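Enquirer: Sequence:
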Amino acid sequence: MEIEAISIADTAKHRTAGIILSNHAVDDLFLEMNLDHTLQFPPGGESIMRIGLIALLGYLIGSLPTSRIVPSRFWLTTAADFAKGVVVFVVSELMLHDPAYVVVIPFIALIFGCRFSVFSRWTGPAAFAPATAFLISFFCSLTAAGIISISTLVILLIVPLALALATRTWEVPALIFSVFAGLITVVEMEFSWSVVTPLAGTGYLAGEAIAGVARRRFFDMSDKAEIKMWRIVARPFALLFVAIDLFTNRKVLLFIIGVLALVFIVTDFVRLVTKVRLSAVFKKKEINRFSSMTLFLVSVFLTFLLFPGVISYVGLICITIGDFFSKLIGMSFGTTRIYKRRTLEGTLGFFSGSMMFNALFSLVLPIPVLYIVIGSIISSLVELFSEAIDDNFTVSIVCGGVLTAIRYFLLT
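At position 122 of the sequence shown (counting the first as 1) the number is 122 in my numbering, and the numbers step up by one without a gap.
If you're looking for bench data, these hints aren't it; they were derived computationally from the structure.
Possibly wrong hints are sitting among the right ones.
Unchecked claim - With a straight-line cut-off of 25 Å between C-alpha atoms, the simulated SDA-like cross-links for lysine to any residue are:
#	residue 1	residue 2
1	284	308
2	228	246
3	283	260
4	284	306
5	283	234
6	275	388
7	251	234
8	228	193
Unchecked claim - Cβ pair distances, simulated, as ranges:
#	residue 1	residue 2	range
9	247	381	25 to 35 Å
10	229	68	39 to 49 Å
11	125	412	44 to 54 Å
12	259	199	35 to 45 Å
All of these numbers come straight from a predicted model, not from anything done at the bench.
Think of the CB as a built atom: it goes at the ideal place given N, C-alpha and C, for glycine as much as any other residue.
Input sequences plus hints: build the corresponding full structure.
Expert: Given below as C-alpha cells:
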C-alpha cells in the first residue's frame, strides 16, 4: 500500500491532518463504508525511526547550555535559546512527513532537554524562549498555508514583544502569547489532530508562565490599599455590551447603558450633595467630583450612540481592555515616567491589550486591520496625554471619531 503523507503546511492548508491513500482497493472500501479518506493511521516503521531520531535531536538541542556557549549577555542568550526552538521545528518539518500531530513529539523532546539537560546534571530552566520560538515557527507555517492571516501573525508577535519591553520578564509575555495563540488556534483551525501541537505548546507555556507569575508575585497589590481592585477586574465585563448589541439591537443596548449611567449619575449627585464618602467604592480623588465609573458609562453610551458598527466595538475594547492592561502593567512594572504620572510601561500595556483583544474580536467580526492598528495607537496616546479631562471619557470617543474619519475619507 502506498501512502503519500502530507506536510504540516499542507495539512493546515487543507484543514485536515489526514493522509491520502492511493490504493484503489482501499478507496473502494472507504466508499462502500461511507468513510472519509482523511482518517489517521499510525506511522509505519520507517516513520517511527524518523520520529525517534528527531526526538533525540530535539532533546540534545534543548539540552545545549546556551548560557555557557554564548557570552553571558541577556539578548545573546535569548537569541541562542530562540534559535534552538527554530532549528528543532525546521528540522522536524524537513524530516517528518507524517501526520501533523507527530510534530508535538520533537516539541516535547525540546522542552524535556531544556528542563533536564544532560550537559547540566539533569537540571535546567523553564524553556520559555525555545518553546515560544517553536510555536512562532509553527504559526508561521500556518500563515504560509493560508490558515492564519499575516496581520494576525504580526499582531501575535507584536503584543508579547511590547509586553517584554514593558515588564522585562519572560513570564508575562509568555503568558499573553500562549493565551493569544491558543485562542487563535481554537477559532481559526478546525478541530482535528492538527491542533495537538499548538494546543499542547500553548498549554505548556501558559502553565510555566502562570507558575512563574505566581512565584514572583508580579501582580501583588497588597501594598496598594488605595487601589480598588474590584473596579479594575470589573471593567472588562463591559465587553458584554458587544454581545448585547449583536444579539439584540442598538436601541436595547443604549437603553441598558443609559439606565446604568443614570444610576451612577444620580448616585454621584447624592454623594456630592450629602458629602458621603463611600470609601469602599470611590477613590479619594473622586470625593469632590464625578467618579470615573460614571464618566466611563457616559462615554460608552456616547460611543454607541455616535459611531456605527465595529467602530464602536474598537473604542469599547480600547477603553476596557486597554485600561485594564495599563493599570496592571503600570502599577506592577511602571518605572519610566514619560508624561506626568504616566509611565512607558503602562502605555505599552494599554497598547498591547487593545491590539490583542481587537485582533481576537476580528477573528469573528469584520474589524479591518487598519482600525485595529490606528485605534490602538490613538487610544494609547489619548490615555497617555489625558490630564485635564478624565481618560475614561476621552479614549473611546476620540478613537471612534478618528476611525469614523478614516472610514469616510480613506475606506470609501
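Enquirer: So does residue 247 sit 25 to 35 Å from residue 381, Cβ to Cβ?
Expert: 33 Å, holds
Enquirer: Do the beta carbons of residue 125 and residue 412 sit within 44 to 54 Å of each other?
Expert: Distance hint for residue 125, residue 412 holds at roughly 53 Å.
Enquirer: Sort out whether residue 234 lies within 25 Å of residue 251, counting only the CA atoms.
Expert: At roughly 24 Å apart (the allowed maximum being 25 Å), residue 234 and residue 251 satisfy the hint.
Enquirer: Between residue 283 and residue 234, does the CA-CA distance stay at or below 25 Å?
Expert: 15 Å, holds
Enquirer: Hinted pair, alpha-carbon criterion (25 Å max): residue 283, residue 260. Please report holds or violated.
Expert: Holds, at roughly 19 Å.
Enquirer: Does residue 246 lie within 25 Å of residue 228 when you go C-alpha to C-alpha?
Expert: 31 Å, violated
Enquirer: Can the restraint linking residue 275 and residue 388 be considered satisfied, given a maximum Cα separation of 25 Å?
Expert: 24 Å, holds
Enquirer: CB of residue 259 to CB of residue 199, is that within 35 to 45 Å?
Expert: 41 Å, holds
Enquirer: Go ahead and decide if the range 39 to 49 Å is satisfied by the Cβ distance of residue 229 to residue 68.
Expert: Hint holds: Cβ distance 43 Å, inside 39 to 49 Å.
Enquirer: Between the alpha carbons of residue 228 and residue 193, is the straight-line distance 25 Å or under?
Expert: Violated, because 44 Å separates the two Cα atoms, which is more than 25 Å.
Enquirer: Has the given pair, residue 284 with residue 308, been kept, meaning a C-alpha gap of at most 25 Å?
Expert: Not OK: residue 284 and residue 308 at ~36 Å, beyond 25 Å, violated.
Enquirer: CA of residue 284 to CA of residue 306, is that 25 Å or under?
Expert: 32 Å, violated
Violated hints for the displayed structure, listed by number in ascending order: 1, 2, 4 and 8.
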